[in-house]
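The hints should help you fit chain D onto chain V, whose structure is shown.
Number of protein chains: 2
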Amino acid sequence: MLNKIKASAWIVALGITATASAQQTKLTSYVNPLIGTAKMGHTFPGATVPFGMVQLSPDTDTLQYLDKGRYNPNMYKYCAGYQYTDKTIVGFSHTHFSGTGHSDLGDFLVMPTVGALKLNPGVATVPRSGYRSAFNHETEKASPGYYSVVLDDYKVKVELTATERVGFHQYTFPEATDAHIVLDMVHGIYNYPEKNVWTFVRVENDTLITGYRQTLGWARTRTVYFAITFSKPIKSYGSVNEKQEMYGGFWRKFNQKENFPDLAGRQLKLYFNFDTKANEKVKMKFALSGVSSAGALLNLRTEIPHWNFEQTVAEASAKWERELQRIQIDANQETKQNFYTAMYHAFIAPNTFMDVDGQYRGLDQNNHKAGGFTNYTTFSLWDTYRALHPLYNIVQQKRNSDMVKSMMAHYNESALHMLPIWSHYANDNWCMSGYHSAAVLADAIVKGTTDVDANAALNACISTARRSNYEGIGDYVKYGYIPTEKSGVSISNTLEYAYDDWAIAQLAKKVGRMDVYEEFIKRSANYKNVFDKDGFVKRRDANGNFLPNADLLSTHGQGLIEGNSWNYSFFVPHNPTDLITLMGGTKKFLANMDSLFTMYLPDKYFAETEDITREGIIGTYVHGNEPAHHVAYLYNFAGKPWKTQQLIRRILANQYKPTVDGLGGNDDCGQMSAWYIFSSLGFYPVAPGSDEYEIGSPIVNNAVFNLENGKQLKITVQNQSEKNMYVKNVLINGKALIGTAIRHSDLMNGGEIVFVMADKHSK
Amino acid sequence: MLNKIKASAWIVALGITATASAQQTKLTSYVNPLIGTAKMGHTFPGATVPFGMVQLSPDTDTLQYLDKGRYNPNMYKYCAGYQYTDKTIVGFSHTHFSGTGHSDLGDFLVMPTVGALKLNPGVATVPRSGYRSAFNHETEKASPGYYSVVLDDYKVKVELTATERVGFHQYTFPEATDAHIVLDMVHGIYNYPEKNVWTFVRVENDTLITGYRQTLGWARTRTVYFAITFSKPIKSYGSVNEKQEMYGGFWRKFNQKENFPDLAGRQLKLYFNFDTKANEKVKMKFALSGVSSAGALLNLRTEIPHWNFEQTVAEASAKWERELQRIQIDANQETKQNFYTAMYHAFIAPNTFMDVDGQYRGLDQNNHKAGGFTNYTTFSLWDTYRALHPLYNIVQQKRNSDMVKSMMAHYNESALHMLPIWSHYANDNWCMSGYHSAAVLADAIVKGTTDVDANAALNACISTARRSNYEGIGDYVKYGYIPTEKSGVSISNTLEYAYDDWAIAQLAKKVGRMDVYEEFIKRSANYKNVFDKDGFVKRRDANGNFLPNADLLSTHGQGLIEGNSWNYSFFVPHNPTDLITLMGGTKKFLANMDSLFTMYLPDKYFAETEDITREGIIGTYVHGNEPAHHVAYLYNFAGKPWKTQQLIRRILANQYKPTVDGLGGNDDCGQMSAWYIFSSLGFYPVAPGSDEYEIGSPIVNNAVFNLENGKQLKITVQNQSEKNMYVKNVLINGKALIGTAIRHSDLMNGGEIVFVMADKHSK
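Protein chains in written order, with full-length UniProt numbering: chain V, 1 to 763; chain D, 1 to 763.
Bound conformation, chain V alone (with noise of 0.2 Å):
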């Protein structure tokens, strides 16, 4: 079994050049990008740097829908474009994304080949079918920015590496006369026939091609243009267009198949030839724009300006180091490669979307100038506002403040008027519940980690949040829950716009809006219209009554997406006290919360559950997915804190682990990562837009947090071990904590924070 891939196998693999495993103190080798690319993690195990645009990586299968409509239930797997079991690789990509549960993206794919030129992928059980190549993961390397194999059907040695806009290619060929690099533009992830809207492509020079790509996928008006360039001439070169178009009359003016460097077509594939030296090294530079093949060879030369590819290597992992060492840890081995490799996955989306100049694609489609921001994109904002956001509001307060400013610069640029929901490349997909966006910036502001303007923000989710239009807001607002004839996910929806109208009500009061706060604390209230006398979420008719044979274990037709009532039920992190109120009490509410993480699931309802594994699922608790993730941080409120810390050992030692399949679930661009980093450190905030984090049980041994205000946080934990999971005290720099939560300035002032630990449970 994949799990059962030991530790030590992984560590030769991270070897990437004689100085790096020689510092046995680098962060990096404790990373290993490979960790959740077979079954659910939906990670990538290729080259990209902390936030970058380019995630260059090998896709292992063509990602195509089955045809028109209807999903191929294979292409799930490959969101993230690779399947550790596969043993072919189609080529390599030069976007990706990190974990998530739908999918788009896998632009340009390139691959080396040699031999008769073959210009279709092929299919992975026919051996030389297509371009693509038989590997081994024998052969294969991957660590933070460098990721190497060997083509085995061609005998060449791929090593990839990135800046933020650039991907750095560099093939070990063997002698020929036949080498190739195919560029193949209808390649896409989660792709189908008509996903091209139109393919461009210019051959400049022997060294030089422009281009890109137009897509209609999860994005719907999505252009990625590129800037490449080759360390060697083109022999020769050419193209097909696998659209026949119907106007083609310049077709006849020129023989547009071989060495015609003006292309332009839904469906281009390209191919370069070259004629190599045994062992000859052939490098290729792949710059990307969101903004214009212009602003992509500017990217390019202002981020690669040279042939080094050994230097862009050190360079990338020099970048990953930084960012690792933001939090250095001390625990054990395993503990050590699932914190880091969390911290990489966490490091790695949102994406940087602005070139080197300051110019970017806006969701208007006109080209904008960031005003003293960098501009990112890739907001799976469901996920990531619950710990995702909330850890960057420590570690990375920069950038998140720049996430803010992009996020309202998506706003001013909104026919809509809204904030992101889920948004990727100048578009929303407006995929899942919520307008969660309130949420991180609420967080942002009520933290004081962003000098954004506050009550432009504010200003921003009120717009979001009244958009009666979007997804029964308007009927939320009028019955205070969304009736179930109105919509599919009406308690889920209701739960989420609650808990986000709570964060819009927490930042009019930091900049004493009250007129706001009262408008929303009050829709903040809106959860309580979907529990049940029983003291569970359901659906209920505009009328006002709850339907009756509700199936609290199921996620399908409930009124709900991912997650069932079961979990869902406890969904209020931001009134846990009312909650406990709701389920009838304490009492009820603790055996509520005992039987979530202790019942079985019976198949039926697993077979239904989205995006995890088996080992994703504690009880019917889906850690896999994110409804549920302050969960278990909800005994502090009733008064059994030890509960809490137990279940945090347990999940992070079942849900985390240092293999292939080590994820339970989608990784969600970080999200599921965040969680570990948190839980792993000892606190967790269970309701971003307060200040405060609720305790655990923290399984290093110890840690400090370099801020970026100058000051150094320590996390001392006194009596570590596997046994001793409670916490006896939490001192702060030297006082005791009363009560189980931290505030936000308890950590950003520095100092120490000393859990002490021991294997009974006080009170």
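Errors might be hidden in some of the hints.
Just so you know, same-sequence chains aren't split out, so a pair can sit in one copy or run between any two.
To be verified - Computed list of lysine-lysine pairs in BS3-like fashion (alpha-carbon distance at most 25 Å, straight line):
1) LYS257 to LYS486
2) LYS253 to LYS235
3) LYS478 to LYS257
4) LYS235 to LYS478
If you are wondering where the hints come from, they were derived from the structure by calculation, not from laboratory data.
What follows is chain D alone, placed relative to chain V:
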């Protein structure tokens, strides 16, 4: 018959304001935009300003291909969107070619309607089958910069005017609670189901709409951006996307059919609803940009910052008056109508293709900023190098210089390193033969009318002329002609390349690069290689043999395009003396000339001749197509200038009439008109690239050129009459002309050229 409609009828139609009709001296009053809108002229009647980006004009059919790959033979009639004999108007679109023989554009069809909403155009034969409306020429008015018509089905009066980049609509509605303005982004000229690549619309607020349309057609990668403002807020609005997109996840989050402001898809149509009072005027400004919707909005706000429709009409009229005043003629009424309508048609294209801030979309699909010139597009060079650009070299020197710079920008942005062949909207469609940009550049530089870098221009010409994989250039250089096996247009390409090579040689000589001169003057003699012993051009194979059984009358399958061997055998504009030799001496040459203009072209050959009416032919001389436009002047070179004079009078009288079907062939972006302008004034540029003009027979009484250098040139025609068609003497500033050639400096130095006419020819 349409051409019998009396000139007087037009005069009524032209009186757009009391002021305009009262001022007899306004030259705009002689312009009738409806000339050429029936049959083959392919002109459009709508509103435009000189060299403007917007051509806002009624379309009278839906202009679709019949089905995949097959032309609708009727579509050809609709190159400019309008045919005078039609009874319905589909709507008013914003971009049109003037006089072309292939087409594209028709972007952004707008139609005001009243009553039940219709989003399909319907068919002309079934009244009220769609949004189209019946109309009547009685209510139709067209004058420079203004068009008006009443839509009979809706009782809506439509008035249109324009600035360079903005179309201004004024609709006078009846009282209605169901008035609509339909915006059909599927409509287009030379349309087909997959022509739209993408459409994108944002309803920014209740008076502002932005977006774009991206198409594949004659231009391969073409995007036109827009910004619309209404004078009155929209009551409500909605949309359909006629193409079912495969991925539509985002459609579930909103009802996007109605009042949804953020739209995208392949085939969008929108409608905007209004309540109107009786005779209420609803106005709309519709700005275009090739750069971005932000650029369109900037154009809109800069060019028309008010709602005074009449002011814009007056300004548009004044712009035309200013341009027409460049040549003031004294002539009879019909000649004045022909002349100033020709001037109008000569000054519609090339079109401004640049935003008010100097940004334009380049061939590389990047946005560029023009450095000190106005960027132009729509270069129908196979036509316009002959007389239109030479005309500009006299009366539009600044603009022609900017056009030269636009061609150089095209060259600098070209992956092929070629000057434009036939270019529009940041694309080359490579239509027709030759590389006639070279002739335009050479003509401007030889005549000293541009400050473009002459050496850079020469380099661009050389690069273009050496593009060996373009239309047989490689074979042309190798064999000295294009072997018939290699090309279907082997003769016409050989002839036209030879002429262009001569033009390049002139440019090389001008800048003193004699090595280039030698190369190209040698190439320029290649015309000899396609002349058979009998003095006619014929297909020749790679072994040097002429193919037997040539059909000298046919334009198809004979190695020629838009001309038969009889016409093309005279295509040696740069060396008529040698042509006379090739044809066997003066006597045989003259006999051939006489035959050309007198023989009867059998019907079967007429049927296959493109782009012309029967009236467009004199003998087998086809004035409606361009290859023989210089031929009537060739008698000058054989000592029979009086035959030229006779013939010019005949062509002027027969081929140009001030009626809707008054043009014998496509106006071809002003080339037909430029021929008229030159010839009516008494001279013509037989070989652009030389500084000489051959004299013909003026039909004006007198003329004054108001030159940009501040000088005036008077053309005085003594003894002018229909009978006195022969030129007895020409006096240039009092000095008798020897020979038949006037020099460019004779014009530009100002002063007076006197033609002394007589009813008999001397010698």
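Against the structure, the hints:
When the C-alpha separation of LYS257 and LYS486 is checked against a cutoff of 25 Å, the pair qualifies only between copies, where the shortest distance is 17 Å, while the shortest distance within a copy is 54 Å. In this assembly of identical chains, the alpha carbons of LYS253 and LYS235 lie at most 25 Å apart only when taken from the same copy (23 Å versus 51 Å across copies). In the homo-oligomer, the alpha carbons of LYS478 and LYS257 lie at most 25 Å apart only across protomers (23 Å), although the nearest pairing inside one protomer, at 61 Å, exceeds that limit. In this homomeric assembly, LYS235 and LYS478 come within 25 Å of each other (Cα to Cα) only across copies, at 24 Å, whereas the closest approach inside a single copy is 68 Å.
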